[in-house]
Every structure is written in structure tokens, then in C-alpha cells.
Amino acid sequence: MTVLWSMLASTSLAFALLHLFIWAKGIQPWANLSFATAAIAIAVITGMELMAMRTTSIEQMALILRWAHLPLLVLWLAIICFVRCYFDAGRSWLAWLAVGLRAVALILSFSTGQNLFFDQITGLKQVAVLGSETISIAQGSLNPWYVVGPLSTVVLAAFVLDAAFTLWRGGTDTGRRRAIVFSSSIIFFLLTGTCHSALVNAGVINSPYIVGLSFMPILLAMSYELSFDLLHSAQLSDQLQDSEAELRLSKQRMRVAARSGELRMWEWDIVPDEIWSTDDDPRLYGISEPQKISFEHFLNILYEEDREQVRHSVERSFIKGNGHYESEFRITMPDGQVHWFNSRGRIEFSEDDQPLRMLGVTIDITRRKQAELAVQQQRNELTHLSRVTTLGELSGSLAHELNQPLAAILSNAQAAQRFLAHGNTDLAEIQDILKDIVNEDKRAVEVIQRLRLLLKKGEVQHLPVNLNKIVEEVLKIISSDLVNHNINVNIDLAKKLPAVIGDRVQLQQVLLNLIMNACEAMSHTNADRRRLFVHTEQNGIDKVQVSVGDQGPGIPSESLGNIFEPFFTTKLQGMGLGLPICRTIITAHGGQLWATNNTPRGAVFHFKLPTSPGESA
Amino acid sequence: MNESAPTVLVVDDDPSVLKSLARLLRSNEMNVATFASPQEFLDQSEPFIHGCLVLDIAMPNFNGLELQQELAARDNELPVIFLTGHGDIPMSVQAMKQGAIDFLTKPVHDQDLIEAIHAAIETNRMNRRAHDELNEIRKKLSTLTPREREVLDHVVSGRLNKQIAADLGTVEKTIKVHRAHLMTKLKVRSLADLVRLAERAGIKSIAPNRHDGQT
Numbered sequence: 162m163t164v165l166w167s168m169l170a171s172t173s174l175a176f177a178l179l180h181l182f183i184w185a186k187g188i189q190p191w192a193n194l195s196f197a198t199a200a201i202a203i204a205v206i207t208g209m210e211l212m213a214m215r216t217t218s219i220e221q222m223a224l225i226l227r228w229a230h231l232p233l234l235v236l237w238l239a240i241i242c243f244v245r246c247y248f249d250a251g252r253s254w255l256a257w258l259a260v261g262l263r264a265v266a267l268i269l270s271f272s273t274g275q276n277l278f279f280d281q282i283t284g285l286k287q288v289a290v291l292g293s294e295t296i297s298i299a300q301g302s303l304n305p306w307y308v309v310g311p312l313s314t315v316v317l318a319a320f321v322l323d324a325a326f327t328l329w330r331g332g333t334d335t336g337r338r339r340a341i342v343f344s345s346s347i348i349f350f351l352l353t354g355t356c357h358s359a360l361v362n363a364g365v366i367n368s369p370y371i372v373g374l375s376f377m378p379i380l381l382a383m384s385y386e387l388s389f390d391l392l393h394s395a396q397l398s399d400q401l402q403d404s405e406a407e408l409r410l411s412k413q414r415m416r417v418a419a420r421s422g423e424l425r426m427w428e429w430d431i432v433p434d435e436i437w438s439t440d441d442d443p444r445l446y447g448i449s450e451p452q453k454i455s456f457e458h459f460l461n462i463l464y465e466e467d468r469e470q471v472r473h474s475v476e477r478s479f480i481k482g483n484g485h486y487e488s489e490f491r492i493t494m495p496d497g498q499v500h501w502f503n504s505r506g507r508i509e510f511s512e513d514d515q516p517l518r519m520l521g522v523t524i525d526i527t528r529r530k531q532a533e534l535a536v537q538q539q540r541n542e543l544t545h546l547s548r549v550t551t552l553g554e555l556s557g558s559l560a561h562e563l564n565q566p567l568a569a570i571l572s573n574a575q576a577a578q579r580f581l582a583h584g585n586t587d588l589a590e591i592q593d594i595l596k597d598i599v600n601e602d603k604r605a606v607e608v609i610q611r612l613r614l615l616l617k618k619g620e621v622q623h624l625p626v627n628l629n630k631i632v633e634e635v636l637k638i639i640s641s642d643l644v645n646h647n648i649n650v651n652i653d654l655a656k657k658l659p660a661v662i663g664d665r666v667q668l669q670q671v672l673l674n675l676i677m678n679a680c681e682a683m684s685h686t687n688a689d690r691r692r693l694f695v696h697t698e699q700n701g702i703d704k705v706q707v708s709v710g711d712q713g714p715g716i717p718s719e720s721l722g723n724i725f726e727p728f729f730t731t732k733l734q735g736m737g738l739g740l741p742i743c744r745t746i747i748t749a750h751g752g753q754l755w756a757t758n759n760t761p762r763g764a765v766f767h768f769k770l771p772t773s774p775g776e777s778a
Numbered sequence: 058m059n060e061s062a063p064t065v066l067v068v069d070d071d072p073s074v075l076k077s078l079a080r081l082l083r084s085n086e087m088n089v090a091t092f093a094s095p096q097e098f099l100d101q102s103e104p105f106i107h108g109c110l111v112l113d114i115a116m117p118n119f120n121g122l123e124l125q126q127e128l129a130a131r132d133n134e135l136p137v138i139f140l141t142g143h144g145d146i147p148m149s150v151q152a153m154k155q156g157a158i159d160f161l162t163k164p165v166h167d168q169d170l171i172e173a174i175h176a177a178i179e180t181n182r183m184n185r186r187a188h189d190e191l192n193e194i195r196k197k198l199s200t201l202t203p204r205e206r207e208v209l210d211h212v213v214s215g216r217l218n219k220q221i222a223a224d225l226g227t228v229e230k231t232i233k234v235h236r237a238h239l240m241t242k243l244k245v246r247s248l249a250d251l252v253r254l255a256e257r258a259g260i261k262s263i264a265p266n267r268h269d270g271q272t
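Those protein sequence lines, which keep their order, are chains A and B. In this note's numbering, each residue carries its 1-based index in the first sequence increased by 161. In this note's numbering, each residue carries its 1-based index in the second sequence increased by 57.
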């Protein structure tokens, strides 16, 4: 018996040490600490039981039984703590009640009788257990307050049961298993220990106290759970290693992909304003700073012309419900070369819709951009060439436009000379002549400016343009041609036309082409029927439409689909590039160009352009 | 003969050009009248004025060539000088065929314009003189009796008095008297003068008659 009880005590202590150790490592510290405490309390109780069965003096027995209630209180506290920490369940009032009753039992054990069990121990009975050993069992009159002990046990059992029930309903497999294992072992321990002690005290059973022994299932359950946890953590550690390796691999893959795609990932913590890039080769992007930079710092790296545009698109992405950022910008590299980048990002918002973080990528698009620019340049060349050709066709009329003011100037000047030569100088007349000369000179300059604008080979502009003005300007340029061809013009311009965003010269070119085509279409029309229609109108809220109609033979229906194809022409002279270029220009302006046949005769060319938001002219 | 000072009529739809041309011509001490369109010219100008017309070719609705045609249709022989912004060959050919005096390009040098105008006015003067003379002759011819007129036709055709008498069924003497009368009426002294006058008046020699064939 001595050996068995010693083993029990040492097992309990061993468990206690193990859990103290785990507690020191800090995983579920309170659960481990309370379990360790419970194990220590059990070890103490087991020791006391051993001492009780070995004692031969009544006083000593009474003292042991009185002090035994102290480790019991500790045990109670430890069990409650453990259940609360490990299960995260249990009603507080039950816990308090159980602990309270146990504390009362401790107080009663010291204040009434010899201890809580016995009012008076009358003698010690020597009993032989398991044949070999003889143990002492106390005998005497029972303490009437004895019932407080089992009562606290029942309350504690109820607390555990309640906690287990809560856990069971909580639902996970592990939770249910734990609920069953722990609650049943704790309740088994409580009821067995208490009932057995009561029976021993009442003298019904002659056996030593087995509180320590009945605690064993709890230790077993605990070690069972512990082994699960160990197993689990081993698995987790394996998995962690695997996923770490995988993470490393995918990071590597990502880096290779990023490098080969000339892609750079970045992150911007908006609140502390820190931009941080994943790339460890800053040379790739010309940014020499590997450390975090602020947004303003980032803007300063960019090409000056691009800064506002980037800032604008970032601000736009902050708008609630948008969160998407995209912009293109240039950076001058350390070697002096300018590179183009495309940057895209997504904003993470806080719960109150404040932008928190932006994650994104930046791609070097220099090559694509260069190709685009080359194409753009070629298109501009072609557009310009076609414009020059168009004006070449108009040269006669343009000469006339210019000759009119020149003729007036020459005649005025020679008249003045003649007046002066005669000597009968009328100064008022001379003054009038000079004024007219100045005015005519201005008129000639205007004509030249109009032409120079059209002949100019410049960058495509994107400015607000009023199409009514374009119509008027083009009609001025072409007016003498219209006169020469005996063509009457019907102009119908919308009174208030919103502006469109575009290139004035290119839009003039389109209109000039369409009007010249219309004139040409009417070259075989009866002179008194030659009539050109130019009409502007607002089309819907955000479109402006211009129509140019003629009274010619119209477009044969089989050609309607082809007239915008390059090199398709019905004229003897002409490359067949006028209309395709017109369509290219209109498409580049975000608009459409199309043709219809008019009834009863003639063709109409229409183009539609988006209006510029917020602008009206 | 009407020898009032000649007037230069200018038609151009460009007001500044019109004004400067008028000024230039006035500085050369010419009488000028300006018109902003061919229609205005037709409506307002005196039809058979002494002078010439300076006409812009390219004008909307009613151009210079059309005005020239219109004048020809109205038997108005006013000489025309064309002005154009750019030399268009088909246009100039048509203008010259229609009898234009000159075809000048803008800007026009005053010398060229003045010369052309002088030439045009001279032409106009000649035309008018010829016109006046013809009127004179027609007036004289109208004083002849039908018989005298008949004799005139035969004389102009180069027939002898004897032949004429035979044709008209009378005697040579009578023919001689008629001949003397008509010479006096037409104020000619010789046969040569008579023939010239008849030619001017557009009197054609009569077809040779059958007697000639028989003789």
C-alpha cells in the first residue's frame, strides 16, 4: 500500500512538474498552472492519506484529517480555474458556490469537533488490506457539519457538468471529446472520492482514503489530451516547415516572374505614409533608395509633367467605392534614359471607409510605349501629309483668299502714290488709305495664320474646342472654292454647343475633307442645285454631332461599307486616304464617323464626338 | 457724236478690293462707278454708257463670265477687263472668246490696269464712232426713194447703167438721173465712196442675174 500511494503521489508530482514546465513556456499558461496546482494538491492529499493509514495516534489522525481540507480547497480552486481556462466555460455562481462551501468546510474543520469528519475520534481500527499490510482507520462520532463537504462536491460536479454541456453544444469534435473525457473523469473523481471517504468515515467500508487514487483518471485523461496536443503540435510543426519551404519557393518564383516581367510589387501604408517595395534590385526602376519612402518623395522621383496626373489618380482611388488606382508615368533612370511605367493598385479601406493601405504592381512599359509613340508619330505624319495634300488641292482658292487683301493693299498704296504725285494731297484721304492698308494686311495675316496652322506639324493637342467655330473657320478657308464651284452653303449651327476635347487642326482637317468631298460630289450636279449643308447639334447629354450633306449622286449602296477603307477611291485623282484618315482622327477623339444617303439625293457624312465634362461654349 | 468723259464701271463682291480699285482709278483722274455684284450692276448702271467695265470673275451666285454673256445678249458692247484672284486658263480662254479686252490677275499693277482701261475706252470710243457713223448712213439711206435704192443695189454690185436700165426695164438716161440723185442724197462724190458707204451699211451686192449668163 505504501508503495502504491507513494507512486500515486510521485505520479501526481511528475504531472505537476510537467505542467509547471509547460506553464513556464507559456502555452495556455493558466490552464497548465491550475492543472499543476491540482496535481500538487493531489500529491499532498495522497501523502496525507499515506500518513493517516500509517499513524497510530488518535491526535495525529485527527490533525491529519483536519488539515486535509486545506489541499482540498486548493484542489477545488485549481479544478475551477482549469475548467474556466481550458474549456472557457462554466457558470461563475456555481464556481463561487463550490469554492465557498469548500472554504466553509475548511473553517468548520478547524472550528467544530476534531475535524470536519469527526466530532470525536474514539479509536483507531487496525485493518489488513490486500493481505500484506495493516492500516489505521479512524473511528468515532461524526461531525454534524460533515455534510458541507459532499455538498461542495456536488456543486463543483454541477459546475463541471454545466461547463462540459456548454462545450458539447459548442460543437467541434475536439471540444466534444474533451468535454466527455474531462467532465466524466472529474465527476468520477469527485463522486468516488467523496462517497468513498464518507463511507470510510461512517465505518461502512474498512479501507484507506482513496482520494488520490480516484484522481488518477483525471491524470490519465490529461495525459491523453496532452499526447493529442503533442501530436498535433508535431504535425503543425511539420506543416509549418512544409509551408515555409513552399513560401520560400513561391517567393522565389514570384521574384523570377517579377524580374522577367519587369514587374515590381509595392505597398503603401497610407496612414504613416510609407511606401515600400518588394524588389531588391532598385536599379531596375531607377530608385536608389531601398528604404521606405513617403508619397511626396515618390512623386518627386517622377517626371515633373506626370506628377499631377499621378496624384490625381491616387486621389480618385481614395473615393469610397472605387479603390482602384492606375496611372502611367515616366522616370529618368540614373543612366539618363527615360522609362515609362504603368502602375496599378488596390486600396484597402478601414471599416469607416478610410483608406488604410494600397497594394500594387508597377510594370516597365517603355518598349510598348515607344512602339505606341512610333505608331502615333507615323499616324501623325500621315495625317499631316493628307492635310497638306488637301490644302494643295485647295491652293487655287487659297491663293485667291490671299490675293484679295494683297490686291486691295497694292491698289490702295498706288492710289496714295498717285495722289501724292499730283500734289493735290488730301490728308484725310491718305489717312483713310493707310488705315485700309493696315486692315487688309491684318486680313492677309489671318489667312496665312489659318493656313500655317493647318500646315503645321505639331503635337496633337487635347483642348476644349467649339465645333461651331471649327465649322466657321473651315468655311472661311474653303469659301472661294465654294464660290468657284458655284456652291451655295446652308449652315445650321446649334446655338449653345458644348465644347469637345480635341485637336483643333485635326478636326478642321476632317471637316475640310468632308466639305471638299461634298463639293466634288456635286461637280456634275446642275449648277442651281449645288447646295452644301453643314449642321451641328447636341446629340444626347454628352455628344455633339456634325453633319455635312451634299446634293450629289450619293454613295452607291455597294460602296457604303468600303468608303472608309484605305485606298478605296472612286475619284480619278486621289489616294483614297482622305476618309480613312478622317475616321482615324475621329476615332482617336473617342467619336464615330459614318455616312448615309440622303433622300431624294446626295450623301451625308456625320461625326459624333463626346463633349468635355463641365465645359460649355 | 457724244464725247462726254468716259466712266470706269467696277464690279467686285469684295468691298475692300472694290474700294481700293475705285480709289486707284480716281487717283488717275477717271470717273468711277462701283457695284458690289453683277445684279446690282444690271439694275443700276446706265446701259450704253461711255467707258468700260472692270469685272471680278469669281463671285457667288452670278459670276463675271455670266455677266459678260448677259451683256452680249443685250447687245451691249461695253468692253470688259477681267480681274481674277488666280489665273485659271479655261476661264481666261472663255473670257477672251467672249470678247474681253484683257484678263488681269490680282493683285493688279496700276500701270497694267490703266493701260487696259485706256485700251478698253479707246475700243469703246471706236465702237461708238462706228455705231454713230452707221446710224448716219442709215439715216441717209432712209431718204432714198425705193427706185433710187434699187438703183443703188445694182450700182454697188458693179453693173453698168445700161445693164441696170435693162434689168429695171427703163432707159439708161433715167438711171443716170437716179444715180445723180442718190449720190447727192448720200453725200458721196465718187463711185468708190458710194461702194465704201454701202459696205459700211451692210448692203451686199445683188446676185448676178440671168442676163449676165446670157450675155
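The hints are simulated quantities; they were obtained by calculation from the structure and are not laboratory data. Be careful, since some hints might not be right.
Below are the BS3-like pairs computed for lysine-lysine, each with C-alpha atoms no more than 27 Å apart in a straight line [claimed, not checked]:
1. A:K637 with B:K197
2. A:K618 with A:K596
3. B:K219 with B:K197
4. B:K76 with A:K596
5. B:K233 with B:K244
6. B:K219 with A:K603
7. A:K530 with A:K617
8. A:K453 with A:K617
9. B:K230 with B:K244
Distance windows between CB atoms, simulated [what the hints assert, rightly or not]:
10. B:E123 with A:Q622: 54 to 60 Å
11. A:H685 with B:E123: 16 to 22 Å
12. A:P714 with B:K154: 28 to 34 Å
13. B:N133 with A:N700: 52 to 58 Å
14. B:P117 with A:G482: 47 to 53 Å
15. A:Q699 with B:D132: 30 to 36 Å
16. A:Q699 with B:K154: 49 to 55 Å
17. B:E123 with A:I609: 28 to 34 Å
18. A:L624 with B:K154: 49 to 55 Å
Beta carbons are placed, not taken as given, at the ideal position from N, Cα and C, and that holds for glycine.
With respect to the beta-carbon atoms only, verify the hint that E123 (chain B) and Q622 (chain A) lie 54 to 60 Å apart.
Once the Cβ atoms are compared, 44 Å apart, the range 54 to 60 Å for Q622 (chain A) and E123 (chain B) is violated.
Given a hinted range of 47 to 53 Å, is it respected by the beta-carbon distance of P117 (chain B) and G482 (chain A)?
This hint is violated: roughly 59 Å between Cβ atoms.
Taking 52 to 58 Å as the hint, is the beta-carbon distance of N133 (chain B) and N700 (chain A) inside that range?
Given a distance of about 54 Å, which is inside 52 to 58 Å, the answer is holds.
Would the pair K219 (chain B) and K603 (chain A) pass a check requiring their Cα atoms to be no farther apart than 27 Å?
At roughly 82 Å apart (the allowed maximum being 27 Å), K603 (chain A) and K219 (chain B) break the hint.
Is the Cα-Cα distance between K230 (chain B) and K244 (chain B) 27 Å or less?
21 Å, holds
Does 28 to 34 Å hold as the CB distance between P714 (chain A) and K154 (chain B), or does it fail?
With Cβ atoms ~31 Å apart, the hint holds.
For E123 (chain B) and I609 (chain A), compare the CB-CB distance with the range 28 to 34 Å and indicate the outcome.
Since the Cβ atoms of E123 (chain B) and I609 (chain A) sit about 31 Å apart, the hinted range of 28 to 34 Å holds.
Is 30 to 36 Å respected by the C-beta to C-beta distance linking Q699 (chain A) and D132 (chain B)?
56 Å, violated
Is the distance from the Cβ of H685 (chain A) to the Cβ of E123 (chain B) consistent with 16 to 22 Å?
At roughly 19 Å between Cβ atoms, E123 (chain B) and H685 (chain A) fall inside 16 to 22 Å, so the hint holds.
For a C-alpha distance cap of 27 Å, please report whether K233 (chain B) and K244 (chain B) respect it.
16 Å, holds
K219 (chain B) paired with K197 (chain B) [C-alpha distance capped at 27 Å]
Measuring from Cα to Cα gives roughly 26 Å; hence the hint holds.
Pairwise beta carbon distance, Q699 (chain A) to K154 (chain B), judged against the given window 49 to 55 Å:
For K154 (chain B) against Q699 (chain A), whose Cβ atoms are near 52 Å apart, the range 49 to 55 Å holds.
The structure fails hints 1, 2, 6, 8, 10, 14 and 15 (numbered hints given earlier, in ascending order).
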